[in-house]
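Peer 1: Single-letter residue listing:
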Amino acid sequence: MQTIVAYVENKPGVLNRVASLARRLAINIDSLTVGPTENEEIARMTICAHTDERGALRLEASLEKLVDVLLAENISDRSVLERDLALIKVAADQQNRPHLMELIKVFRGRVVDVAPESLIVEVSGTVDKIDGLLEVLRPYGVLEMTRTGRIAMTRGNDILRPPAEATGAAVKSPAA
Amino acid sequence: MKLTGAEILCETLTRLGVRHIFGYPGGAILPVYDALGKSKLHHILVRHEQGATHMADGYARATGGVGVALATSGPGATNMVTGIATAMLDSSPVVCITGQVSSKLLGSDAFQEVDITGITMPITKYNVVVSRAEDIARTVREAFLIANSGRPGPVLVDITKDAQQATADFDWDACAPKLPPKRVRKNHDQVEFDRAVELLNSAKRPVILSGRGIILSGAMPVFEKFVHTSNIPVAMTLLGIGCFPAQDPMNLGMMGMHGEAWVNTAIQEADLLIAVGMRFDDRVTGDLRTYARNARKIHIEVDRSEINKNVKVDAAIVGDAGETLASLLPHIHTRDHNAWLSHIKELKGDSAVRDIQSLPDSGHLFAAHVINDLWKATKGNAIVVTDVGQHQMWEAQYYHHNEPRTLITSGGLGTMGFALPAAIGAKFAKPDAEVWVVVGDGGFQMTSCELATIVQEKININIAIINNGYLGMVRQWQEFFYDKRYVATPLVAPDFAALANAHGIRGEQVTTRKEVVPAIESARQSDQAVLLDFRVEQEDSVYPMVPAGASLHEMIRRPNNPLVETATEP
Numbered sequence: 001m002q003t004i005v006a007y008v009e010n011k012p013g014v015l016n017r018v019a020s021l022a023r024r025l026a027i028n029i030d031s032l033t034v035g036p037t038e039n040e041e042i043a044r045m046t047i048c049a050h051t052d053e054r055g056a057l058r059l060e061a062s063l064e065k066l067v068d069v070l071l072a073e074n075i076s077d078r079s080v081l082e083r084d085l086a087l088i089k090v091a092a093d094q095q096n097r098p099h100l101m102e103l104i105k106v107f108r109g110r111v112v113d114v115a116p117e118s119l120i121v122e123v124s125g126t127v128d129k130i131d132g133l134l135e136v137l138r139p140y141g142v143l144e145m146t147r148t149g150r151i152a153m154t155r156g157n158d159i160l161r162p163p164a165e166a167t168g169a170a171v172k173s174p175a176a
Numbered sequence: 001m002k003l004t005g006a007e008i009l010c011e012t013l014t015r016l017g018v019r020h021i022f023g024y025p026g027g028a029i030l031p032v033y034d035a036l037g038k039s040k041l042h043h044i045l046v047r048h049e050q051g052a053t054h055m056a057d058g059y060a061r062a063t064g065g066v067g068v069a070l071a072t073s074g075p076g077a078t079n080m081v082t083g084i085a086t087a088m089l090d091s092s093p094v095v096c097i098t099g100q101v102s103s104k105l106l107g108s109d110a111f112q113e114v115d116i117t118g119i120t121m122p123i124t125k126y127n128v129v130v131s132r133a134e135d136i137a138r139t140v141r142e143a144f145l146i147a148n149s150g151r152p153g154p155v156l157v158d159i160t161k162d163a164q165q166a167t168a169d170f171d172w173d174a175c176a177p178k179l180p181p182k183r184v185r186k187n188h189d190q191v192e193f194d195r196a197v198e199l200l201n202s203a204k205r206p207v208i209l210s211g212r213g214i215i216l217s218g219a220m221p222v223f224e225k226f227v228h229t230s231n232i233p234v235a236m237t238l239l240g241i242g243c244f245p246a247q248d249p250m251n252l253g254m255m256g257m258h259g260e261a262w263v264n265t266a267i268q269e270a271d272l273l274i275a276v277g278m279r280f281d282d283r284v285t286g287d288l289r290t291y292a293r294n295a296r297k298i299h300i301e302v303d304r305s306e307i308n309k310n311v312k313v314d315a316a317i318v319g320d321a322g323e324t325l326a327s328l329l330p331h332i333h334t335r336d337h338n339a340w341l342s343h344i345k346e347l348k349g350d351s352a353v354r355d356i357q358s359l360p361d362s363g364h365l366f367a368a369h370v371i372n373d374l375w376k377a378t379k380g381n382a383i384v385v386t387d388v389g390q391h392q393m394w395e396a397q398y399y400h401h402n403e404p405r406t407l408i409t410s411g412g413l414g415t416m417g418f419a420l421p422a423a424i425g426a427k428f429a430k431p432d433a434e435v436w437v438v439v440g441d442g443g444f445q446m447t448s449c450e451l452a453t454i455v456q457e458k459i460n461i462n463i464a465i466i467n468n469g470y471l472g473m474v475r476q477w478q479e480f481f482y483d484k485r486y487v488a489t490p491l492v493a494p495d496f497a498a499l500a501n502a503h504g505i506r507g508e509q510v511t512t513r514k515e516v517v518p519a520i521e522s523a524r525q526s527d528q529a530v531l532l533d534f535r536v537e538q539e540d541s542v543y544p545m546v547p548a549g550a551s552l553h554e555m556i557r558r559p560n561n562p563l564v565e566t567a568t569e570p
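Here the protein sequences line up with chains A and B, keeping their order.
The C-terminal position of the first sequence is numbered 176 in the working numbering, with every residue numbered one higher than the one before it.
The C-terminal position of the second sequence is numbered 570 in the working numbering, with every residue numbered one higher than the one before it.
The set of hints was computed from the structure by calculation and includes no laboratory data.
No residue lacks a Cβ here, since even glycine has one placed at the ideal position from N, Cα and C.
A portion of the hints provided could be inaccurate.
Said to hold, decoys possible - Label pairs and their in silico Cβ distance ranges: (1) E82/A / I556/B: 49 to 59 Å; (2) K11/A / G17/B: 54 to 64 Å; (3) Q112/B / D30/A: 38 to 48 Å; (4) A339/B / E82/A: 51 to 61 Å; (5) V517/B / A19/A: 33 to 43 Å; (6) K186/B / L103/A: 45 to 55 Å; (7) G17/B / E122/A: 29 to 39 Å; (8) A164/A / A339/B: 23 to 33 Å; (9) D128/A / E479/B: 57 to 67 Å; (10) N310/B / N39/A: 49 to 59 Å.
Make the full structure from the sequences, and use the hints.
Peer 2: Below, the structure written as structure tokens:
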């Protein structure tokens, strides 16, 4: 699994270009999250893809060729904090509810909705952690689940910022 | 100044230096045509929109400037797809402008509506829909900038009909291109650079692999200096032909599937390959597992995504070919490679069958003769535009180009039907140049409708059809790899000379060797287009040949006795 962070223009069609590129390179995207940044004209993507280092290198370099992609960087081998958020609706009755809530606490999940025959857990963390919680909830009956896919950020002084100034004028024109 | 969107488009194109537009009208682009009529732009009416894109492509390849094609929505736009992909694969700066249904109809399956930006997304460098008149000027200026910067490529601008009709303020200064603020990567990686210098200064059997990137960069002078300073022989890709003079003794010729044996053998025996502005295409490398196993590799390339894509390299310098070669030059020692150079000369030995034209006339007409005679007659100074197939490879082997942009050919996509329209584009770009179309009987029939364009525009280009009655290259593969089962390759064609005559173009059939030069000369003397239908040997093959997927040294060589195999009755 390889993780690439990209800053892109926040406008229609860009997601399509990024997804289309991965398809063209025959790279399977495991998760792709996109959201605005503090600059509303720029969005940030976290792309997790089933590929090797060489595939990630190609994806990264090809992404950066897209006019609307400002920066793309493979952060797979860096010190990275990553988070996935899940909402899980589990079958729960009066009898097993207390036991379920104990389990959820162990995984640092939160019960955000309780109904007579079910409850909804909110849990965030690494993919492994959420997979782990799912594993123990499954015997009770997972009725519905949704996950956001990973977002990732490099730790400490390793800071990825979008480029600040327009560079259009600096592009060399080969025309004689 | 208030103008309509259509007028803004014409004014913007004019200010960008455009003089010629290749296109075909239709409902969704009519406002632009109305404005074109009032502008100074010269519109060339094509017979099929594929032709318009190839013409714009040929125009761009002949000059290095941007070529412009224009079409209506729907089928007009989809007919451009092959031409756009052709330009994409060969990094050609083409701007395609298409009409689109009015913005309020978008997505409604309106008459002649098609999502052309969706369709062309993977085959354009960039594409965009414009639905407001006030965005047209800036978008078109950005399209030109994107098309012809970095690694060039096609850009499509899809303009809705209401945007063409609406009025907006036109202020040239206010609509300067505003591209997204991209990260500027530091191209000069000192570690890679130093390693490249060290490899260059210690190699014993080096070969330079040169490609179209050198031509696109305009790096021919510095490249020539680099070659002579480093004293390293040069092999070239098909699209690299012309980046280094054919007559220079350091020029080995074309490499790859139909490269000469000594070129491919030299590459396989080399201890260092210096790739400049080329991308290790499979037609150049053959089987990657056995490709130049003993060679270290340096890759100089403007497009970072090409590095380590097909061939893992030891030193990569991302950057413009000319700038990179210039920065390397002061560090290069001139070394004595005499042993290596004379070894390559020995490899040439008997396989240099370049003198095919001096073989006695056996009563048979061979394509190689025709092309070699064309080379001699034009003194190598013509712009030759080829199609795809056997004749294309023979051209690369037997027409020797000393200047860049004098061979125009579809390499990456291998688009049959490219030659005739691309040559029309090249002629508009270089009106004083002698332009020859070299095309097979198959490819010619794909776009021969553009003969009418030649007549309507009264342009003088000459057409040499290498007519062997087969889809020759496919037939050759069937001969070698499918036991001569010629399925769907025998080809019936019209009488091309009569077809030309029907268009008002002089056509002539050439069937014997002795008629070749007089026919070429009379076409050259004519101030109008001439079509020559060369009836060549039917089952001739291009040698040498590296079968697809085979190692580069596993060539099917020219038959031992070319006099027997190539020039007389078997």
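Peer 1: Against each hint, give a clear statement of whether it holds in the structure.
Peer 2: Results for each hint:
1. E82/A / I556/B: 49 to 59 Å: At roughly 54 Å between Cβ atoms, I556/B and E82/A fall inside 49 to 59 Å, so the hint holds.
2. K11/A / G17/B: 54 to 64 Å: Check failed, 29 Å falls outside 54 to 64 Å.
3. Q112/B / D30/A: 38 to 48 Å: holds (40 Å)
4. A339/B / E82/A: 51 to 61 Å: holds (57 Å)
5. V517/B / A19/A: 33 to 43 Å: violated (58 Å)
6. K186/B / L103/A: 45 to 55 Å: holds (51 Å)
7. G17/B / E122/A: 29 to 39 Å: The hint (29 to 39 Å, Cβ to Cβ) is violated, given that G17/B and E122/A are roughly 60 Å apart.
8. A164/A / A339/B: 23 to 33 Å: violated (55 Å)
9. D128/A / E479/B: 57 to 67 Å: Since D128/A and E479/B have Cβ atoms about 59 Å apart, the given range 57 to 67 Å holds.
10. N310/B / N39/A: 49 to 59 Å: violated (37 Å)
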